[in-house]
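Using this note's numbering, the first residue of the sequence shown is number 429, and each one after it goes up by one.
Warning: the hint list may mix true and false statements.
Unchecked claim - Cut-off 25 Å, straight-line C-alpha distance, at most; resulting in silico cross-link-like pairs (BS3-like, lysine-lysine):
#1 513 to 596
#2 596 to 445
#3 445 to 466
#4 596 to 527
#5 576 to 566
#6 491 to 445
Treat the hints as calculated values from the structure; they're not laboratory data.
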Amino acid sequence: MAKTSFNIQSDLSFTGKGALLEVENILGNVTFAQGISKAIALYQNIDREYKKAIGNDGKIVGKERTDILEQIDRFFNSVILLWKKLEMRNDNTIVVENKNTNFLMTINERNGLWESSGMVPHFFVRPVKNFQEIYQSKLTPEIVALLKRYAEVVEDGIIDDDEREDLKAAMRRVLYYTLFLRIQVEKLLVSH
429 MAKTSFNIQS DLSFTGKGAL LEVENILGNV TFAQGISKAI ALYQNIDREY
479 KKAIGNDGKI VGKERTDILE QIDRFFNSVI LLWKKLEMRN DNTIVVENKN
529 TNFLMTINER NGLWESSGMV PHFFVRPVKN FQEIYQSKLT PEIVALLKRY
579 AEVVEDGIID DDEREDLKAA MRRVLYYTLF LRIQVEKLLV SH
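Please construct the entire structure, taking both the sequences and the accompanying hints into account.
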């Protein structure tokens, strides 16, 4: 099970932590190119787990919620691992910011362990979305944009600095919406 956690305070500041070992074991020793396709499979597992959870009674309860969170955490960790593969360093800082929503998340990763801190907007912790709206309408388009940009970037076989920054910007947006989805599921704020 993923050892990922986030703790949101009443002032909307948060801390989080996690480890990449489980996702490294799932993905194997992969390059960025191999990792991106395997991360997509982890992304699809989120929806599969959600559909399984609501299949019986239309509700997300107890272990079903934990199982969905585990899939979200695996995917979140896989994006951090992809960042690490793209940067080819053992010490990484990822800053995700959305000034329009007052969102800031800094992730410091070192040797497979990460810690994060930041601020989330009010709507992250209010029941304003349903699962499918976040997954299909927010997160999926960002995944598609990341894959499209990746396909363009690798056409010439070289990822230059500008292309690397484009991929990192796309991964930041994926992390933003993945955290939004995670908080909504964890706090039982999503409806089906």
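Hint check:
1. For the proposed pair residue 513 and residue 596, the alpha carbon gap of about 11 Å is at most 25 Å, so the pair holds.
2. For the given pair, residue 596 sits about 20 Å from residue 445 by alpha-carbon distance, which is consistent with the 25 Å threshold.
3. With a C-alpha separation of about 22 Å, the suggested pair residue 445 and residue 466 falls inside the 25 Å cut-off, and the hint holds.
4. Between residue 596 and residue 527 the alpha-carbon distance is near 17 Å, which keeps this suggested pair within the 25 Å criterion.
5. Between residue 576 and residue 566 the CA atoms are separated by roughly 16 Å; this keeps the pair inside 25 Å, and the hint holds.
6. Between residue 491 and residue 445 the CA atoms are separated by roughly 21 Å; this keeps the pair inside 25 Å, and the hint holds.
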